[in-house]
Amino acid sequence: MKLGVVVSEGPYTHQAADTAYHFVKAALDKGHEVPRVFFYHDGVNVSTRLSVPPQDERHIQQNWTALAQEKGIDLVVCIAAAQRRGLLDENEAKRQGKDSNNIAEGFRISGLGQLIEMGIQTDRLVMFGD
Amino acid sequence: MKLGVVVSEGPYTHQAADTAYHFVKAALDKGHEVPRVFFYHDGVNVSTRLSVPPQDERHIQQNWTALAQEKGIDLVVCIAAAQRRGLLDENEAKRQGKDSNNIAEGFRISGLGQLIEMGIQTDRLVMFGD
Amino acid sequence: MSTLHTVNKSPFGNGALLSCINHCKPGDAVLLIEDGVYGALAGSVVEHAVITCAPSVSIYVLEGDAEARGIGPAKRLPDVQSVGYDGFVDLVATHDRTQAWL
Amino acid sequence: MSTLHTVNKSPFGNGALLSCINHCKPGDAVLLIEDGVYGALAGSVVEHAVITCAPSVSIYVLEGDAEARGIGPAKRLPDVQSVGYDGFVDLVATHDRTQAWL
Amino acid sequence: MSETKKFLYVNRKAPYGTIYALESLEVVLIGAAFEQDVSMAFLDDGVFQLTKGQNTEAIGVKNFSPTFRALGDYEVTKLYVEMESLEERGLGPDDLQEITYEDEDDDWEEKPSIRIVSRTEMADIMADQDVVLSF
Amino acid sequence: MSETKKFLYVNRKAPYGTIYALESLEVVLIGAAFEQDVSMAFLDDGVFQLTKGQNTEAIGVKNFSPTFRALGDYEVTKLYVEMESLEERGLGPDDLQEITYEDEDDDWEEKPSIRIVSRTEMADIMADQDVVLSF
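Protein chains in written order, with our numbering: chain A, 1 to 130; chain B, 131 to 260; chain C, 261 to 362; chain D, 363 to 464; chain E, 465 to 599; chain F, 600 to 734.
Only true hints are included.
Listed below are the simulated DSSO-like cross-link pairs for lysine-lysine, each with C-alpha atoms no more than 30 Å apart in a straight line:
#1 E:Lys516 to E:Lys542
#2 B:Lys132 to F:Lys605
#3 A:Lys25 to A:Lys2
#4 E:Lys470 to D:Lys387
#5 A:Lys25 to E:Lys470
#6 E:Lys469 to A:Lys71
#7 B:Lys155 to F:Lys605
In silico contact screen, one side only, chain A against chain D (beta carbon under 8 Å); selected entries:
#8 Ser8
#9 His32
#10 Arg124
#11 Asp130
To list a few chain A residues with every Cβ distance to chain D over 12 Å, as calculated:
#12 Ala66
#13 Gln69
#14 Asn91
#15 Gln114
It is worth saying that the hints were derived from the structure and are not from the lab. All values reported here derive from a predicted model rather than from experimental measurement. C-beta atoms are modelled at their ideal positions from N, C-alpha and C, and glycine is treated no differently.
Kindly generate the complete structure, drawing on both the sequences and the hints.
Here it is, written out as structure tokens:
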């Protein structure tokens, strides 16, 4: 079965990004497909590569990047939500005249249409948020 | 009177950073002192200089930076909270081996001791969060 | 010695206002800000709790937050007073401490 | 046709569980995750609401979240079943849609 | 099999205190281009999104309540509002904005988009969807 | 006038679902170095922070509940827990961890740090502070 997943809250502050991660892993282990995970609202904050959690804590962004690269999951960060909150890739940074960017490998910035498309193309949609 | 202010939630997602801003402006207009504002939890996200809100919305980070520079307010971003969430200044970025940094002018990264010190040295402490 | 309590959550889906009211002492003030201003609505299911606490505790709404949400004076409980950001500052200054019910 | 509802908030300070229960239909399932697992506690003030809905609706807790919070099986309502992340996936697959009560 | 799915946007949060209401509306506007069968549900504190007379000048935040009146132009014409949620908050249907659409199947007659429903009806509406997005 | 202020850390949120409980504890540990008169209040969902038998292995999040037992070493010895909050949640004092400190004014006798108080007593404790930090 094809499952779409939405993450609506930022890392560490809310458990949503953790729960979604464990859910996606379990779904893949059971043979389901998870073609895309969409990060919206504060969920876009999961995509920063600048996070430095304490040594004895999980690294949420790196876990997602590793899972996505191993399993071929499309991690999409909503551009409108990301702009408000200061998440930019290299192209966006140039376009906005910003001197720096912070999106991690494995994540790509795109529009809200990708969320709707995921809803249309998957069999189930599961949201994790607050 | 000396007032200390804490902001505990990120910009745009929660109103806390807006309410705190209007409160601090009003306090200064009435002749009170606001020596420091401490950003904790997701409040550290207010300090990113990479935010690009829509043209017709307020720019929360720039408002804070302008107010701090005009009135001499010490805007302190909690280092532990900032590291988890990917907010780094140039020094921190170097120290952590990160290729990029994102803290805006007017904000400085420091420890939680600055929050306690603010509690000790001010007459009132006001918290804005969720 | 008295406390200014701030409540920033709607009382309909969240227990912060009720918990605040249950921990107020006579002479305290409660300021409803942000989504907390919905606690000032007349005729709601929390009206009784707000009115019951009002004789010994002063209840305020932050005017800007109430107007943003379309809660003009006519829609509010008569026991609730209104302040601007400057009045918020005065309330902080005239009470001995501020406690935020986050 | 049935729905899997997920609730991730503690029911003591937040109305999500109650609102969810009030919108369930017979044959639906409610999965308590994250802080939502507190809704499975025996002897709490929300026990009645959970038990009353249980005959027509299946209630589950996510085991890992319950254990994290020290809510072992002995502390839970007997009507509540337990699943792991793999059971969560099965619940999603066997119901026609998932609705998150955020 | 039709490619059209039933999408329901569930709004349970008040506006301005948090961004969910605004960002939900942004999804609905973008989603309109995909020509799915779209409904919006307003219950619990979500009913506050539709109230009349919002004026955000003093808080310096953009007032997005007029955008709801534009939804008809995007063919989003089913805004279900739960009666019990209104009543618990001391509100009635008259406290909500008037939101209308022009019905292309009925000689472009102007019709109300807001449909007040009971809690039981709301549960039925939720159970009749393919995709439920929660905000 | 003494330079010592009464600080109260108010904990009203459950652990793990959100980070507030953990980051509150981080403030308390750092704050201990400032030698103020520190108390902690646990009420509403905050009482869940102190429950026994937390095991976070399956959710991959650090279990910080043992840290509460170290608070005595930081001279944080007043942990007020509201009885009514426990009861509403089907809990009693026995469901909480044992947390003790060694009383230096009483020949280092080991004493309990957790003090169960009524709601009225909690209100009195709150009203007796100089600085109230809310988490």
